[in-house]
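So the protein lines, in turn, are chains Z and D.
Heads up: the first sequence runs through residues 1 to 484, numbered per the numbering used here.
Heads up: the second sequence runs through residues 1 to 112, numbered per the numbering used here.
Don't take every hint at face value.
Unchecked claim - Pulled from the structure, derived: some chain Z residues nowhere near chain D, Cβ distances all over 10 Å:
| hint | residue |
| --- | --- |
| 1 | Arg-264 |
| 2 | Asp-346 |
| 3 | Asp-392 |
Stated by the list, open to error - Think about it this way: if two alpha-carbon atoms lie no more than 20 Å apart in a straight line, the pair counts; the simulated EDC-like pairs of lysine to aspartate or glutamate are:
| hint | chain 1 | residue 1 | chain 2 | residue 2 |
| --- | --- | --- | --- | --- |
| 4 | D | Lys-2 | D | Glu-22 |
| 5 | Z | Lys-393 | D | Glu-50 |
| 6 | Z | Lys-273 | D | Glu-44 |
| 7 | Z | Lys-344 | D | Glu-50 |
| 8 | Z | Lys-452 | Z | Glu-463 |
| 9 | Z | Lys-267 | D | Glu-44 |
| 10 | Z | Lys-344 | D | Glu-44 |
| 11 | D | Lys-2 | D | Asp-110 |
| 12 | D | Lys-60 | D | Asp-88 |
| 13 | Z | Lys-267 | D | Glu-22 |
| 14 | Z | Lys-267 | Z | Glu-422 |
Derived from the structure by calculation, the hints contain no laboratory data.
Glycine is no exception: its CB is placed at the ideal position from the N, C-alpha and C atoms.
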Amino acid sequence: MKTMRLMSLLAAMMLGFSGLAMAQDEMAPETMETAEEMAPEATMDEAPAMAEEAEVMVEEEAPAEMSDAENATVQLAYALDTFYFLVMGAFVMWMAAGFAMLESGLVRAKNTAEILTKNIGLYAVACVMYMLMGYNIMYPGDAMSPYFPGFGGLLGGGDNSVEDVLASGGDTYYSGLSDFFFQVVFVATAMSIVSGAVAERMKLWVFFAFAVFMTGFIYPVQGFWKWGGGFLDAAGFNDFAGSGIVHLCGASAALAGVLLLGPRLGKYGADGKINPIPGANMPMATLGTFILWLGWFGFNGGSELVVSNIDEANAVARVFVNTNMAAAGGTIAALVVARLVFGKADLTMALNGALAGLVAITAEPLAPTPVVGTLIGAVGGIIVVFSIIGLDKLKIDDPVGAISVHGVVGMWGLMAVPITNEDASFGAQLLGLVSIFVWVFVTSLIVWFVLKMILGLRVSEEEELMGTDLSECGLEAYPEFKRD
Amino acid sequence: MKLITAIIKPFKLDEVREALSEIGVQGITVTEVKGFGRQKGHTELYRGAEYVVDFLPKVKLEVAVEDETLDAAIEAITKAAHTGKIGDGKVFVFSLEQAVRIRTGETGKDAL
């Protein structure tokens, strides 16, 4: 059994290497053969103990045969964890497609091409800005202070050398660039949240300008506070995959934008009447939600960061299960609440409910049992329906429900952590929640405000009525419908 | 010659087409349209808020027939499109002054 397991690990490692040209160059053929010979001895149970000794043994130049076995184990685990990290990151990248489909389904047809342009454009901007400065702000090496990490710098192309990884004895367990890749797709997710909330009325290039500040500076600073080792980390704040750092962050920036932008024309009548503006394409919105649900396995599952031993493999499995269950719980809860409150099973609420369940579990997808995970998601699904109705009453026009799904439910996710995680406290969670919200909301408000003064946030009334497809992109999403 | 314009329920289109074919009608033109009559609209729900849909989807048929065929055509349409419930639609008849078959240049009855 154990030999079989190691052989399959080896297979996975080789797969991983095929995508990792850098590491491949360093892998000598002899080491591979030795790994196979040594397989029966180098069991998974012994791996952690051997890993601890590895550093000492390398320094003392221990017998070559033993050293080879240990080195092979470290290399194997490094390759597997890196491979897992990259695949999980690719899943999160796919969430960009989910947001694009969800948002294009929930806007009117005349704004479809523009929202799609926004979604692919913001993804690219996020990637470039995070490479230029964001990543090194969030993970500064030596920070200027626990509150302000510094101004960052260009991402280097270097990675861990074989010697360093072997000398670490397994403490360095994934490629440095795989970490960048995994982090950069999270930034894009946070930015995607903004695009839905400001849909159908914002100028395209103003949105991109905001994306530059958001992904290059605003997001990385608060990300540093927890994941980069800043003051929230020291305060004991818990946020496993980013209910706060990614989702609440995106929603806070969106809220600031929507407040300065105002509602879509005709959304709120003079007498306080709320006029629904139905989305053009429900199949698209549903597909988008399913894509996000899939991508979330990478989002939460990858945030365990390591998979290459039994405990960690079990943990990743548990994160997958809880993530899935929370989405199911959120869907059912939102569907039932919508049926009870409105008298009909509103599909868009069910879709928001699924996402609410996912956001709710993201702060702590490991500690809960599957049943508790389902309930945490279900509470998120209930909250989201009332939040969407409430924001509408406040005349905060959010066409896709992003502020409710990611912001309000993100807060619930953060505050739910201490229910299942003994190491978390309500005080530290509240500190994190308030810090993230205040920082992102205030800095975003300033950026939005400056953009409003210089360029203006909104398209003209005439352009809005005509549709932003024509005014911003000069094309329509479905031109053939009129031509044939 | 007469031009019949009929507004019918969309799901009745196939039955109406078959009924017209049976009495020898050679061609019809069909358009998807929206409108309201006594049936009026209905309310729909989106994200918790109700809204009224004033215009319901219907199908508009245009059929050009000889004078002798008119009554049979009207009967075929009304029989086939009838459900007895509100919203079954209407039939309008116009005088048709001229018809031309573009391919051959035939005119009048020969063009129908």
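Verification of the hints:
1. Consistency note on Arg-264 of chain Z: stated as away from chain D, and its beta-carbon is indeed over 10 Å from all of that chain's, at 13 Å minimum.
2. At the 10 Å boundary, the C-beta of Asp-346 of chain Z falls inside the reach of chain D, the nearest C-beta of that chain being 6 Å off.
3. Against chain D, the non-interface label of Asp-392 of chain Z is violated: not every CB pair exceeds 10 Å, the least being about 7 Å.
4. Distance check on the hinted pair: Lys-2 of chain D and Glu-22 of chain D sit about 19 Å apart at the alpha-carbon level, within 20 Å; holds.
5. Using a Cα cut-off of 20 Å, the hinted pair Lys-393 of chain Z and Glu-50 of chain D holds, with the two alpha carbons roughly 14 Å apart.
6. Note on Lys-273 of chain Z and Glu-44 of chain D: the hinted pairing holds, with a Cα-Cα distance of about 16 Å set against a maximum of 20 Å.
7. With a CA separation close to 11 Å, the supplied pair Lys-344 of chain Z and Glu-50 of chain D stays within the 20 Å bound.
8. Of the pairs offered as hints, the one joining Lys-452 of chain Z and Glu-463 of chain Z holds, with about 17 Å between alpha carbons and a cut-off of 20 Å not exceeded.
9. With a C-alpha separation of about 16 Å, the suggested pair Lys-267 of chain Z and Glu-44 of chain D falls inside the 20 Å cut-off, and the hint holds.
10. Using a Cα cut-off of 20 Å, the hinted pair Lys-344 of chain Z and Glu-44 of chain D holds, with the two alpha carbons roughly 10 Å apart.
11. Distance restraint check for Lys-2 of chain D and Asp-110 of chain D: the Cα-Cα separation of roughly 14 Å lies within the 20 Å cut-off, and the hinted pair is therefore satisfied.
12. Only pairs whose Cα atoms come within 20 Å are accepted, and Lys-60 of chain D paired with Asp-88 of chain D is accepted, the gap being roughly 12 Å.
13. For the hint pairing Lys-267 of chain Z with Glu-22 of chain D, the CA-to-CA distance comes to about 51 Å; that exceeds 20 Å, so the pair is violated.
14. Of the supplied pair hints, the one linking Lys-267 of chain Z and Glu-422 of chain Z is violated, its CA atoms being roughly 45 Å apart against a limit of 20 Å.
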